[in-house]
Amino acid sequence: MCVEAIPPPSPAVTRRGVLAGAAALAGTVAAAGRATAADGPASGSGHRTPGTPARAGHLVIRGGTLLDPATGEVTEDAVVVIEDGTVRAAGRRGTVTAPQGVETLDAHGRWILPGLVDAHIHLSTAAEARDAVLRGATSARSGSTSFYQDIAVRELARHSPALAPRLRAAGVFVTPDLGDTVLADPDLTPLARLKGGVRSAEALRRVVEVNLARGADVVKTRVNERAGLPEQDPLAQVYSREQLAEIVAAARRGGRGVLCHSYSEQGCHDAVMAGIRSLEHGAFVGERTLREMRRRGTYFTPTLTAIAGLAESPDPVLAERGRTYLPVLKRAVLAAHELGVPLAAGTDSSGGTVDPIGGEVELMHSAGLSPLDAIRTATTGAARLLGLGGSVGRLTRGFAGDALLLSGDPLADLSVLKRPLTVVRAGVAA
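Numbering-wise (my numbering), the sequence shown opens with residue 1 and increments by one.
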């Protein structure tokens with residue numbers, strides 16, 4: 001659960017080197033990404049007009065059934081025009097003028113949805129970033145990484161969109177025991193001598209300040225121990241409300257919000273009262289806390305995928321934990337939805353395995369949400385959490401040219417979201 005420990009990068013990697021390396025990587029792999037797109041779609045994914053010269057970020061999707069998650073409107077025989085990575089027009093054929101000489105993706109017999117948003121994922125490598133896109137997550141929010149790899153992934157996405165999701169990076173975890181993460185930045189190394197770990201107001205502020213200096217878009221912390229480690233008790237609280245408030249205040253000074261790993265009701269309540277932006281996992285969140293979340297506009301990212309994964313663990317402690325937590329968490333999700341707490345879908349993928357965000361949507365539905373409301377948790381809802389509500393989560397004029405082509409109607413069968421036939425990222429077929 002949450003970020004897995006991995007070896008640190010070479011000491012030769014400097015602060016600026018992370019961003020420079022991302023830019024260099026983008027330059028070397030972008031050509032490969034374009035070549036793959038030009039070779040044509042995967043079997044059954046649609047067809048491009050032969051002989052049409054490719055223009056990066058320019059694409060017409062023609063003939064499919066378009067779903068707008070915001071309104072629930074379904075448009076048959078739709079046309080979506082993407083120019084410079086942005087939707088310029090979308091609607092029924094005959095109402096939209098498609099430009100000449102632009103690559104066309106034939107979507108007849110397919111459903112067209114906006115790219116999905118994974119609001120809690122750990123991306124530490126270029127391969128993981130690419131896999132997330134191919135599995136349907138064209139936008140994402142990091143749940144932290146050990147050595148600021150997510151910041152480099154964010155820059156990679158800006159240079160070569162087809163290779164990584166549009167990303168809100170969290171930097172390193174604000175947690176009592178940083179472990180090898182003290183090697184992520186020279187300004188963190190003095191914290192290694194703290195006998196009690198990162199607990200004092202000064203130490204908490206320091207980790208947040210280093211994150212902000214490195215360019216983190218959000219700040220990640222915890223209130224409880226981890227569920228994915230059998231030796232830890234996920235209901236044990238590691239930070240008080242006052243400590244969490246220090247983290248929130250430091251993040252707000254930099255104009256950033258905080259996402260908080262949580263499980264126990266008391267921990268969830270303390271985190272919400274401290275002013276966090278979103279509650280992560282939150283298996284045992286209670287009604288009093290959910291009502292406070294609704295009042296404050298605090299988001300709930302339950303990461304059902306991760307909890308369901310525990311139930312399949314070969315470790316008997318983790319398997320029992322997953323079997324116990326999953327039904328409790330599903331009840332919390334439904335209660336949150338019925339109370340009007342905003343929900344966001346997130347897989348908590350980490351350690352080299354990227355789970356399809358469509359699976360989280362399916363689990364949201366199994367918790368009691370309608371298919372459309374479940375889809376909204378990975379489109380319009382999650383987009384608002386990321387601060388992208390005006391540009392992500394729909395395929396309408398001015399929004400990002402991110403799209404999925406699906407084999408069937410997701411309102412009738414959400415499982416099709418787990419296996420997109422074609423993923424379009426900023427007007428380029430990934």
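One should not assume that every hint holds.
Here are the computed distance ranges between Cβ atoms for each label pair [as the list claims (entries may be wrong)]:
| # | residue 1 | residue 2 | range |
| --- | --- | --- | --- |
| 1 | S415 | D233 | 31 to 37 Å |
| 2 | R253 | S415 | 43 to 49 Å |
| 3 | G387 | G94 | 33 to 39 Å |
| 4 | G255 | R294 | 23 to 29 Å |
Derived from the structure by calculation, the hints contain no laboratory data. For glycine and all other residues, C-beta sits at the position ideal for the given N, C-alpha and C.
Supplied distance hint 31 to 37 Å, evaluated on CB atoms of S415 and D233: Given about 35 Å between the Cβ atoms, the range holds.
message: Holds or violated: the 33 to 39 Å window for the beta-carbon distance between G387 and G94?
response: Holds, at about 36 Å.
query: Okay, R253 versus S415 on CB: inside 43 to 49 Å?
result: holds, 44 Å
- request: Take a look at whether the Cβ-Cβ distance between G255 and R294 falls inside 23 to 29 Å.
  value: holds, 24 Å
In summary, this structure violates none of the numbered hints.
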